[in-house]
Every structure is written in structure tokens, then in C-alpha cells.
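**Student:** Starting from the given sequences, assemble the full structure and let the hints guide the process.
There are 2 protein chains.
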Amino acid sequence: MARVRIKDIAEQAGVSAATVSRYLNNTPGAMTEDTRARIAEVVERTGYRPLAAARSLRTDRSQLLGVVFADIANPYSSAMLEALSREAEGAGYSLMTAVSGNGPASEAAAVERLLSAGADALVVNTCGGNDEALIEASRKAPVVLLDRDLDGGLARVDRKLDIVTSNNAELVNGLVGELVGCGCKKIVLLTQSGIASSIRRERAASFSDDVAAVGVEGEVVALEDDVQKAAAQIGSLVGGGAGCDGGNVGDKGRDDGERRGELGLMAVNGVVFLQLIEALQAANPGLGEDAERRVRLTTFDEYAWNRMLMGGVTTAAQDVGAIARAVFGQAMARIDGDRGPARRIEVPGRIIRRASTARRPV
Amino acid sequence: MARVRIKDIAEQAGVSAATVSRYLNNTPGAMTEDTRARIAEVVERTGYRPLAAARSLRTDRSQLLGVVFADIANPYSSAMLEALSREAEGAGYSLMTAVSGNGPASEAAAVERLLSAGADALVVNTCGGNDEALIEASRKAPVVLLDRDLDGGLARVDRKLDIVTSNNAELVNGLVGELVGCGCKKIVLLTQSGIASSIRRERAASFSDDVAAVGVEGEVVALEDDVQKAAAQIGSLVGGGAGCDGGNVGDKGRDDGERRGELGLMAVNGVVFLQLIEALQAANPGLGEDAERRVRLTTFDEYAWNRMLMGGVTTAAQDVGAIARAVFGQAMARIDGDRGPARRIEVPGRIIRRASTARRPV
DNA sequence: TTGTACGCGTTATCAG
DNA sequence: CTGATAACGCGTACAA
Numbered sequence: 001m002a003r004v005r006i007k008d009i010a011e012q013a014g015v016s017a018a019t020v021s022r023y024l025n026n027t028p029g030a031m032t033e034d035t036r037a038r039i040a041e042v043v044e045r046t047g048y049r050p051l052a053a054a055r056s057l058r059t060d061r062s063q064l065l066g067v068v069f070a071d072i073a074n075p076y077s078s079a080m081l082e083a084l085s086r087e088a089e090g091a092g093y094s095l096m097t098a099v100s101g102n103g104p105a106s107e108a109a110a111v112e113r114l115l116s117a118g119a120d121a122l123v124v125n126t127c128g129g130n131d132e133a134l135i136e137a138s139r140k141a142p143v144v145l146l147d148r149d150l151d152g153g154l155a156r157v158d159r160k161l162d163i164v165t166s167n168n169a170e171l172v173n174g175l176v177g178e179l180v181g182c183g184c185k186k187i188v189l190l191t192q193s194g195i196a197s198s199i200r201r202e203r204a205a206s207f208s209d210d211v212a213a214v215g216v217e218g219e220v221v222a223l224e225d226d227v228q229k230a231a232a233q234i235g236s237l238v239g240g241g242a243g244c245d246g247g248n249v250g251d252k253g254r255d256d257g258e259r260r261g262e263l264g265l266m267a268v269n270g271v272v273f274l275q276l277i278e279a280l281q282a283a284n285p286g287l288g289e290d291a292e293r294r295v296r297l298t299t300f301d302e303y304a305w306n307r308m309l310m311g312g313v314t315t316a317a318q319d320v321g322a323i324a325r326a327v328f329g330q331a332m333a334r335i336d337g338d339r340g341p342a343r344r345i346e347v348p349g350r351i352i353r354r355a356s357t358a359r360r361p362v
Numbered sequence: 363m364a365r366v367r368i369k370d371i372a373e374q375a376g377v378s379a380a381t382v383s384r385y386l387n388n389t390p391g392a393m394t395e396d397t398r399a400r401i402a403e404v405v406e407r408t409g410y411r412p413l414a415a416a417r418s419l420r421t422d423r424s425q426l427l428g429v430v431f432a433d434i435a436n437p438y439s440s441a442m443l444e445a446l447s448r449e450a451e452g453a454g455y456s457l458m459t460a461v462s463g464n465g466p467a468s469e470a471a472a473v474e475r476l477l478s479a480g481a482d483a484l485v486v487n488t489c490g491g492n493d494e495a496l497i498e499a500s501r502k503a504p505v506v507l508l509d510r511d512l513d514g515g516l517a518r519v520d521r522k523l524d525i526v527t528s529n530n531a532e533l534v535n536g537l538v539g540e541l542v543g544c545g546c547k548k549i550v551l552l553t554q555s556g557i558a559s560s561i562r563r564e565r566a567a568s569f570s571d572d573v574a575a576v577g578v579e580g581e582v583v584a585l586e587d588d589v590q591k592a593a594a595q596i597g598s599l600v601g602g603g604a605g606c607d608g609g610n611v612g613d614k615g616r617d618d619g620e621r622r623g624e625l626g627l628m629a630v631n632g633v634v635f636l637q638l639i640e641a642l643q644a645a646n647p648g649l650g651e652d653a654e655r656r657v658r659l660t661t662f663d664e665y666a667w668n669r670m671l672m673g674g675v676t677t678a679a680q681d682v683g684a685i686a687r688a689v690f691g692q693a694m695a696r697i698d699g700d701r702g703p704a705r706r707i708e709v710p711g712r713i714i715r716r717a718s719t720a721r722r723p724v
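In order, the protein sequence lines correspond to chains B and Y.
Read in order, the letters of the first sequence are residues 1 to 362 in this note's numbering.
Read in order, the letters of the second sequence are residues 363 to 724 in this note's numbering.
Quick caveat, the hints were computed from the structure, so don't treat them as lab data.
By construction, the Cβ of each residue, glycine as well, lies at the ideal position given by its N, Cα and C atoms.
Don't take each hint at face value.
[Claimed, not checked] Examples of chain Y residues toward chain B, derived with CB under 8 Å:
1. I434
2. L443
3. Q643
**Tutor:** Structure below.
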């Protein structure tokens, strides 16, 4: 039961291989309804599928899209993978994935592998520090940056590097607004230690502008990976009049001193948010039972636990589906020969207001 | 600057294409050190990479491994993707991924697509209800089941379907032991509503045996997806003497009635555990502040939040790296022509004991 | 040790 | 509307 080839189909249908090929690629002004039917019958009966390698060799198209994730443990990446899968599926494409683990060398290797494997185009969620490799790659196949820009911000300069990202400036602004709106006098943006992605920089820059504009104190802190160190960082931030608020006895929602809600925290992404929660819990014993209630939490990235932790955390959610659509669409356009200037596509996200920044103290 | 072919390398190195090919595939007893060096120089200088499609057409090997995930939102899948990537990378393979979203039809389609795309073998984390499609696929390419067995448990019957999974029976036994050890008189296994995977069945079966063996009350509950319904389920389980425990004033760790710690909960996977936490929080108001303290939590799958929620949750952790190694190794063996009987590989996981099942009441 | 010649399965060109 | 034929780039018997 060897593999069935196009020639076999041709013989059984009483036509030539060329005609079968035309049938498979449904050429516009095609063939007799009769021959079409005959071929269809044979194809159906034999379950024939053209060999990808042969087709690819001839057409110089693999129907393969390479995707490189910086950190697949970040649920944003998972969601994006699923969304991209859906897009690819609809277009008859398959996804080849690679994970860089936030390592530039690993990312460069992944890009090289995917290219060697024949990817028609690359989608790269770059970890930074890899501008050269990516620009080089873009000369062999279209490259669409996902979420994160090059360090040099060269996306617009170089010819073929497109980028799709969220409207981070507006989202940062939205979160700052939420925090200020619920009474925060000081706001801290928490970023990931050791990771200097363009997103971090972009959000940090917007942040500085925004806090200055509304006249509250702002600070950017890179949260340590180590829980104890992170707890110490958080502790010193919450700091000052900690632990002397008195236990809340039985009924809660009382004694809402005006010092409450003064510190606003903003996690730059879901991973940092999780670290933040962990650090808060670790720091809790030293800060008193209700330390959590004296800070206002907000975060980027919408995950299940945002709804439940702290009674609901105000979130800047990115539109994963729309981003995936834009990324895939742009990649396809490039594959189809679009040689226009590099594009920068900003997909609007939205602020989801939850209890953590509610007007009346929690 | 067209693509450089093997013929170009041959010309520049002053040899024939055949010799270059031999160089690329480093044939054993090969060639003069001189010619080897000359070819190496040219290959290096031009950055030549053989065209995957042409090579694949000739060798009938794509160096592509297809992977189908049932639920990529499940962090177990992300971790597995990363581990599999590492394995593939080392063997010169690339991963083609697809996501079924726990839909049998979608899974069947994904398998078909990956096969059409030329995958040398398939790794399937099946969602169940798809035995036919998978068996059919296994006749075209090796299929290795990941974690979940066929509904019919046919893995050993059919010729080529291998399966790699954890030692679920032992892990269930371990968790039951932990719960009994900290004083639970009743244990409930929480499963995912609407998903009837083999893992759920397997763990549930072991569970029933185990609770019977140690003589405690056991129950299996499929947790509703809807938070309110789930909360009601949890509420009725915690049930009975709820809410009349008196608020714990200031100091805690007191009034540990002997009714404490009587109910043991075991989440069948990380997703269910998250739903459980959410349900617990939703049910809390009606159950009294410290309802969480009257139940003992355990769960399968080790994630970051297991360390932090409830002060640490006792976990049955699977050895993702070892599983990935076994899966990939088995796939490679099949690709390399191993026609031996189907294998069932059980990779041992381990119990991580945390505060949630500590002897002294939390 | 190295070169020659052929074929892998498909699509594109060109006649008819 | 259809068929014959020539590539696509590479690996591998076979011959030298």
C-alpha cells in the first residue's frame, strides 16, 4: 500500500497528470464538468493528498509559517499560539514553533532553523538584543515582529520588518487614570528583572509621561526574580505606616483611613503580576494582615486569575485575536509579494475595570 | 541575489555536486581532507543551506514533528511544548503545532493537516472521542499519544500507537495518602466538566480504589464551568456546620476544632484547580471567612501559583522534561523504522508536600 | 576518493 | 479544454 501519486489519479481518471494538477489547484477557467467529476471521484475514493515536499519544491512555497516565542510560559504566548493557529488553519497554513526562552542566541538559532526548515515567513516575539539576526533573516523571508520591537526600533527603517503591537501608550494611560481615579498618590510600575524588552521600555516611557502629566509620584521598579528579594522590594514600597492600622474585627469595610489606597501598583505583564502576588503574600506577615488592602493593583494581560485574586484586578487587556489576525494577514501579504514600506500596526486593547480600583475602598 | 544551490557550491569548490552532498551528510568513509576543507570554506562563506523541500522529496523525511494539543491554555501544554522544542532542536527537527481546543472534530482535522504538511510523526495529546481518526493516522505515520490514552485504551492493541504518560495511579495514591495523613475523613476528586479524557477516567478509577483501601469516604465530582454553579457545588461539599465557627479575631491559628481539615479536595489538573480556587472564593461569603481553612487542597500539575495560594498547595507534579524526552525518543525510534509492538511508557512524577496538607492545622 | 546520471512528485510552459 | 514535457534541488547507485 505505497503512497498514491498524482500519476495514479490521472490514470484511474483517464486524464493526464497535468489535468489532475489543475483540478487540485482549481484553476479559474478550468475543465469540463465531466472530467472534474471523474477526477473528484478518484481523489475522494483514494484519499489522495499531494506531497507537500514535491509541491513545495516546485512552487517555492511551503505553506509553513515560523513562529518564535520569547517565553511560552507567559500565557499571552499560549493565547497567541492558539489564535495564530486558527488563522493559519483557515488559510491552509501550518505553524512551526520555536521557543527562545528569552535568550538572544537561542532566538537567533531558532530563526535560522525555521528558515532552513523552509518557512515562508517568520513571526517573532523577540526577546531583544537580536537586531542583527532579525534584519538578516528579513532578507531571506518576510519577518513580522509580534508585540516587541527591535532594540533599535528599526522596524520602520529597514525595508521588510513589520510590527504588530498593542496601543501600549493608551493602555498605560488608562491604568494610570484608574489608579489616580481611586485615590492613589503614588504609582509604581513593576517590570521584569533582567528582561529589557521593547515593550517594557515603551510602557515605562509612557508611564513616566503620564504620571508627570497628572502630577502624582511615579517610580519604575524591576521586580527581582527571587521571592524574598521581591518581597523586600514590595515591603519597602508599601513601607512607612505599615502594620499599625489595627486588625479589622469581624465586620469589614470599616475604618477606611484616608491613607488607604495611596499606593498604586502596575504590573507590566502577567508574569510580573504573578510574581507581585507572590511577593505580596511573602511580605504580608511583616506588613500586617491587610497590607493587600492598602495597595491598589493593576496589571497588563487578562488571565483567569485576574478575576478572582483580590476580588478582581483591573486589567489592561490586549486583543489577542485581533493581533493574531493582523500578524497573519501582514505575513500573508508579504508572502504574496507586497513590497510596500514596513508597517507598524497598533491593535487597540481595553481597560477592564474591577474591584481593585473601585472608588469606594475595598 | 538568488538562492544558492548545491551546484554553485560544487563549482566554486571545484568538485561535483555529489561530493558536496556527501560533505553535507558527512558520509562515513568520506573524502580528502583537502576537498572537505575547500567545500567547508565555500559553504561557510556563502551561508549555503540545503533546500528542505528538495531534500525531503528525495529522502522522504521532512524533519518535521507534528504536535497536537488538546488545550494550549493548560500550562501543562505550554511546558510540554517548550520541553519538546528542546528535544527537537537537539535532533535537527522542527515542531509543527496544532490546537484542537478539546474538540474531536478539530483534532481529527489537525491530524489530517499535519500529515498533509508532511510530518514524519505525530504527537497527540488527544481530547478523546477520536479513536478512529487516530488509528487511521497511525497507518500513515507513527503516532505517539501524549498523556491521554484512546477511549478504547487501544494503545497496546493496535500496532503502532505508543503512549507516554505519568504514573497516575501512584500519584493519586500519594495525594490520597497526604490527605488522609493530615486528618481528612472524606476526600473529593474534582474533575473537569464535559471533558471525559482518559486521564480523568484513569485517575478517577485509581481514586476509588485508594479511598476504599484506606477506608475513608470518597466522591468524584465534575466541577461545573460556571463559577456560580461551581461555588454551589463546593458550598454543598463544605456544607454542614458552615459559617458558625465564629470570626477569628486578630490572632489566628486558634480554635482549631476537630472538625477542621476533615474535607480533602483533589483537583484532577491545573485548570480544575484554578476553577476550584475561584469557586472557593465565590462561595466564601456564604461559608464564613475561614471556610478555606476547613478544607485540605491538593492538585495535579505544578505551577507557580501552587506555591503561593493557600500558603502552598500539596501537588502531584509530572516530570515534564522526562515525558518530553520519552515522547520524542519514541517518535524518533518509530521514524527510524522500529516496528516493535506498541509501548506504554509511564514516567514517574512526584508528590510535593506543602502547607495545605501539613499535620498541624494551618 | 570522486564524478555521472537518474529520479523523487509536482507544477508551469507550450502545443494542439 | 487537455496532454506531453521540462524543470525544481537534492541524494545515491554505479562507474571510474
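**Student:** Taking the hints in turn, state whether each one holds.
**Tutor:** Outcome of the hint check:
1. I434: 5 Å, holds
2. L443: At about 6 Å, which falls below the 8 Å cut-off, the nearest Cβ of chain B leaves the hint on L443(Y) intact, so it holds.
3. Q643: Since the shortest Cβ distance to chain B is 5 Å, the answer is holds.
When each numbered hint is compared with the structure, no violation occurs for any of them.
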